[in-house]
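Q: Here's the letter readout for the chains.
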Amino acid sequence: MKLQEVLNYITPKKAELSWVVSLSIASLLLGFLMAHQIKAMREESNIAPVPWRANLLAQRLVEAQEEIKALQKEVDMLRSQLSEYEKKAAEGESLLDAMRRDLLKTRVIAGLTPVRGPGVVVELSDAKNPMAPGAVVHDLDLREVVNELRAAGAEAIAINGERLIATSEIRCSEAFIMVNGHRIAPPYLIYAIGNPDDLVKALTIPQGIIDRLKIIGLEVKVMPRREIRIPPMRTPPKLKYARPVDYNPTEEEVSW
Amino acid sequence: MVSLWIAVLALVIGILMGLYITMPITPFLLKFANYIGLAVLAGLDAIIGGARAGLQGNFDKGIFLSGFFVNMLMAVFLAYVGNRIIGVDLTLAIVVVFGLRIFNNLAVIRRIALDRFLQWYAQRRLASSKTSHSTAQQTQPSQTSDTAFSN
Numbered sequence: 000m001k002l003q004e005v006l007n008y009i010t011p012k013k014a015e016l017s018w019v020v021s022l023s024i025a026s027l028l029l030g031f032l033m034a035h036q037i038k039a040m041r042e043e044s045n046i047a048p049v050p051w052r053a054n055l056l057a058q059r060l061v062e063a064q065e066e067i068k069a070l071q072k073e074v075d076m077l078r079s080q081l082s083e084y085e086k087k088a089a090e091g092e093s094l095l096d097a098m099r100r101d102l103l104k105t106r107v108i109a110g111l112t113p114v115r116g117p118g119v120v121v122e123l124s125d126a127k128n129p130m131a132p133g134a135v136v137h138d139l140d141l142r143e144v145v146n147e148l149r150a151a152g153a154e155a156i157a158i159n160g161e162r163l164i165a166t167s168e169i170r171c172s173e174a175f176i177m178v179n180g181h182r183i184a185p186p187y188l189i190y191a192i193g194n195p196d197d198l199v200k201a202l203t204i205p206q207g208i209i210d211r212l213k214i215i216g217l218e219v220k221v222m223p224r225r226e227i228r229i230p231p232m233r234t235p236p237k238l239k240y241a242r243p244v245d246y247n248p249t250e251e252e253v254s255w
Numbered sequence: 000m001v002s003l004w005i006a007v008l009a010l011v012i013g014i015l016m017g018l019y020i021t022m023p024i025t026p027f028l029l030k031f032a033n034y035i036g037l038a039v040l041a042g043l044d045a046i047i048g049g050a051r052a053g054l055q056g057n058f059d060k061g062i063f064l065s066g067f068f069v070n071m072l073m074a075v076f077l078a079y080v081g082n083r084i085i086g087v088d089l090t091l092a093i094v095v096v097f098g099l100r101i102f103n104n105l106a107v108i109r110r111i112a113l114d115r116f117l118q119w120y121a122q123r124r125l126a127s128s129k130t131s132h133s134t135a136q137q138t139q140p141s142q143t144s145d146t147a148f149s150n
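Chains as they are written, first to last, in numbering that gives the first Met the number 0: chain A, 0 to 255; chain B, 0 to 150.
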């Protein structure tokens, strides 16, 4: 094919000229806009690689859970060792005896040892009617009940086997409630040791916390018990930052 | 038919320009990317409609250019109004309508192209069978579809 023929073929006919020109101008503009769409898509994928991050986090969670299991074993071992030492120490002098008593009391307060005694069991579960305003139990509800129990003199509290200590949190984590870093699920059983009468009265006072929870539709039961058992904190918190200031115990403190 | 390739070339040049040249409106366009997407769809529809009209020989510059710009603006405007004022997502309606039109027009273009190719092929065979110079007839755009769209 001769060059002339090719050129003839390529050059638009006069009738086509306006068509080609306007189509090309429009195409140029469209291409310009498309390029910006491409850029926008790229930026979006830079900003939020969500699935990738979620996978990474899930993997870390699994690793952390395994680590927790291993540490739990270590804790159990050390604890049995400690109780052995305590036994041996108890066979010693009376000062040691007193110290042991103090230690035990401190451990009860700190939530490091299982305890038993009279108290109440509060059972909280999600509303039977899913349209109720408070269809599910929230972390806030649990916190309020716990707060009320503490105000009424509860000495040891646990939710679904998770002992509440000074550093315990009760918080919402997506569809779960976390206590001491562990997920708990309904029905929520709050065990509290204290004077059962006081505890029950504090909870069931008219327009008190139980009334409020019932009004929003939750299923609540308060059961006084002659004896309940509360497990210790599973993993005692590690102190990384807090240090006692120069500590000289007064007499009062020693006679705990 | 060749003229279509010129438009495609223009499209590619436009994309390269947009990718490598930063204009003052660039951040604005990036911010409203989900609305600009609708404008791109509307523009694509107008261009494909224009190409079809050109191939069928009833192209009108005024109709094409007004359709191109007004449809782009209206697509963005309607989507914006739907999102912010009415509270109904009109994006889907816009996508469906323009998508449908694009495919309809592409079908027409495909038929015309196929028709012309077959004509050209038949002529070439005719020419090669006759040793003498064949008087190649000007191929006429043929109306292959009974559907009538405006561009």
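I should point out that these hints are in silico values taken from the structure, not numbers from a laboratory.
Take these hints with a grain of salt, some might be off.
[To be verified] Here are a few chain B residues that sit away from chain A, every Cβ distance over 12 Å (derived from the structure):
# : residue
1 : K30
2 : V80
3 : D88
4 : G98
5 : R109
6 : A121
[What the hints assert, rightly or not] According to the in silico footprint, chain A covers these stretches of chain B (three or more CB under 8 Å from chain A):
# : region
7 : 9-15
8 : 53-62
[Claimed, not checked] A few chain B residues facing chain A, derived, Cβ under 7 Å:
#  : residue
9  : F27
10 : L28
11 : G36
12 : G49
13 : A92
Built from N, CA and C at the ideal position, the CB exists for glycine as well.
Q: I'd like to know which numbered hints this structure contradicts. Please list them from smallest to largest.
A: Violated hints (numbers, rising): 1, 9, 13; every other hint is consistent with the structure.
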